[in-house]
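**Student:** Protein sequences appear in the order of chains A and B.
When we follow the numbering used here, the leftmost residue of the first sequence carries the number 1, and every step to the right adds one.
When we follow the numbering used here, the leftmost residue of the second sequence carries the number 1001, and every step to the right adds one.
Please keep in mind that the hints were generated in silico from the structure rather than gathered at the bench.
Since the model is a prediction, treat every value here as computed from it, not as a measurement.
No false leads were mixed into what you were given.
Cβ-to-Cβ under 8 Å is the rule here; a few derived chain A residues that face chain B:
#, residue
1, His-362
2, Thr-366
3, Ile-367
4, Gly-378
5, Val-392
6, Ala-393
7, Phe-422
Here are the simulated lysine to any residue pairs, SDA-like style, with alpha carbons at most 20 Å apart:
#, chain 1, residue 1, chain 2, residue 2
8, B, Lys-1116, B, His-1093
9, A, Lys-159, A, Asn-126
10, B, Lys-1129, A, Gly-378
11, B, Lys-1043, A, Cys-381
12, B, Lys-1004, A, Phe-422
13, A, Lys-311, A, Gly-88
14, B, Lys-1004, A, Val-36
15, B, Lys-1045, B, Ile-1085
16, A, Lys-417, A, Pro-40
17, B, Lys-1129, B, Pro-1038
18, B, Lys-1004, A, Gly-38
19, B, Lys-1018, A, Met-421
20, A, Lys-159, A, His-210
21, B, Lys-1018, A, Val-392
Virtual Cβ for every residue (Gly too), placed ideally from N, Cα, C.
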Amino acid sequence: MAESNVSLKEAASVEAAGTIDIDRCRDDFPVLRREVHGKPLAFLDNAASSQMPEQVIRAYTEYHSRNHANVHRGVHLLSQEATEAMEGARETLRELINARSSKEIIFTSGATDAINLVMQSWGRTNVGEGDEILISTMEHHSNIVPWRMLCDEKGAVLKVIPVSDDGILDMEAFASMITDRTRLVGIVHVSNTLGTINPVAGITRIAHDHGVPVLVDGAQAVSHMKVDVQQIGCDFFVTSGHKMYGPTGIGILYGKQEMLEKMPPWRGGGDMILSVSFDEVLYNDLPYKFEAGTPNISGAIGMGKAAEYIKAVGYDAIHNKEQELLRYATGQLQSIEGLRIIGTAPEKSSVVSFVIDGIHPHDIGTILDLEGVAVRTGHHCTQPLMERLGLVATTRASMAMYNRREEIDQLVAALRKTIEMFR
Amino acid sequence: MNDKLSQLYQQVLLDHNKTPRNYRVLDPADFESLGYNPLCGDKYKVFVNIDENDIVTDISFVGDGCAISKASASMMTTFVKGRHIDEIEKLFHQFHDMAQGKLDPEKDPNDLGRLKIFYGVRNLPARVKCATLCWHTLHAAVKGKEKVTTE
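Using the sequences and the hints given, assemble the complete structure.
**Tutor:** In structure tokens form, the structure reads like this:
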């Protein structure tokens, strides 16, 4: 574990291997103590943004109250401390996803920004007229829109892997859709709407058999499961800090070094150069080549601290806790008459999307809010998926390591009340 | 029951959601307009017939969305039928101000009558647009922006 200002003892709410001391864990998250509309908060919107533990908040504010300075520049102490903290975070994140080198970890403003980097730099260099980009029906808009933009610009074709009614990727169709014109496969690791976990290692193997690189959108993966980018084998992997107990406005692009080295920079400015004249610019080495301008230093430090927090709790414990919550929530919600769960793949993260006969998700969302339950309602930035499933919107409860059965009970009670009201 | 909840989801609103009034296509219609909230997917079409004296002689709507948007559309159609379009324009602004909490229907002068039940949305910023969507749609329709072409 990387050097940290917060002792492991403080950060860890681990009782024994594979379990979480839930009271201590919840104590780490100050927001969980608040009330909304006079009711205890049941925060079940973690797929939109998970909460930050005290350790992350402290690391974030510590930078601003003690070490605030620009990085990679100053010879003074504060700048050196800021640089060390930020580069330490990069190393922690490298370790978390098992990249070979911290040169492969580029800080971005989030997963969306990271995908746009790949589109602008790799895409505009390697995709031409008549080429094909292959994505899936269950992609988030962030892994659709950049590729749609690229295809429109280049005259390329966006092809879409179908999903079943249960929300399972059609692997047979996928294999048959790769052609000699396919330039990239872009696939979501875990669906934010359905919770479906896609077999990204298998997908990468098949794509690589055809010489096609793969981008994995891991925004919904890193807080729930051990991600090993070398084991997956993907060429690019993106994720966001605020979906893994870190701050907003920060994320990373992982790219294989040999890919990143061949890619041109996409934003120009300070920090991404070795030398500048009006006639010629020499670009900096990885990872700085892709980090123009002063980065989100506190965000990077916070995201690194969030990775430390996850490691201290442990993925086994997180997995056990969240899968138990998923089973409980699924069972409880299924017992509600007129409720239908959307997304029933066998491999799921702790996300339950559902619809209720005759009640619009936005009314459900408002009533749940007034009962203290925070969920997401709407199309979840996956409009094409919603259209495929014949829906306009769903209600989505998404659980994190700090959630309790009591919060599921609060959700279920509020849903029964809603149904009663609308009867 | 929670105050905000009972203020918003009053029985009359729930009733209009369940059995919306004037829920049909008006054919032929002098004017029609499509109202769409891309954030939540609420989508309504409002149809209006207006006579030579600028009086709304008939109005209807179709579409889908949440209870607040549907009830608001239903109650709007029953409320504006038989009124002059200038009067409707005034109501549009009053309704809009009320939904945003700028107009207190119990204190400030207004003609909103039974539409006052939508005052409850002011507490829920995310839902203000649901209540006002049909009014914006009607507003666009009578402004003649989308005159129906009958073949």
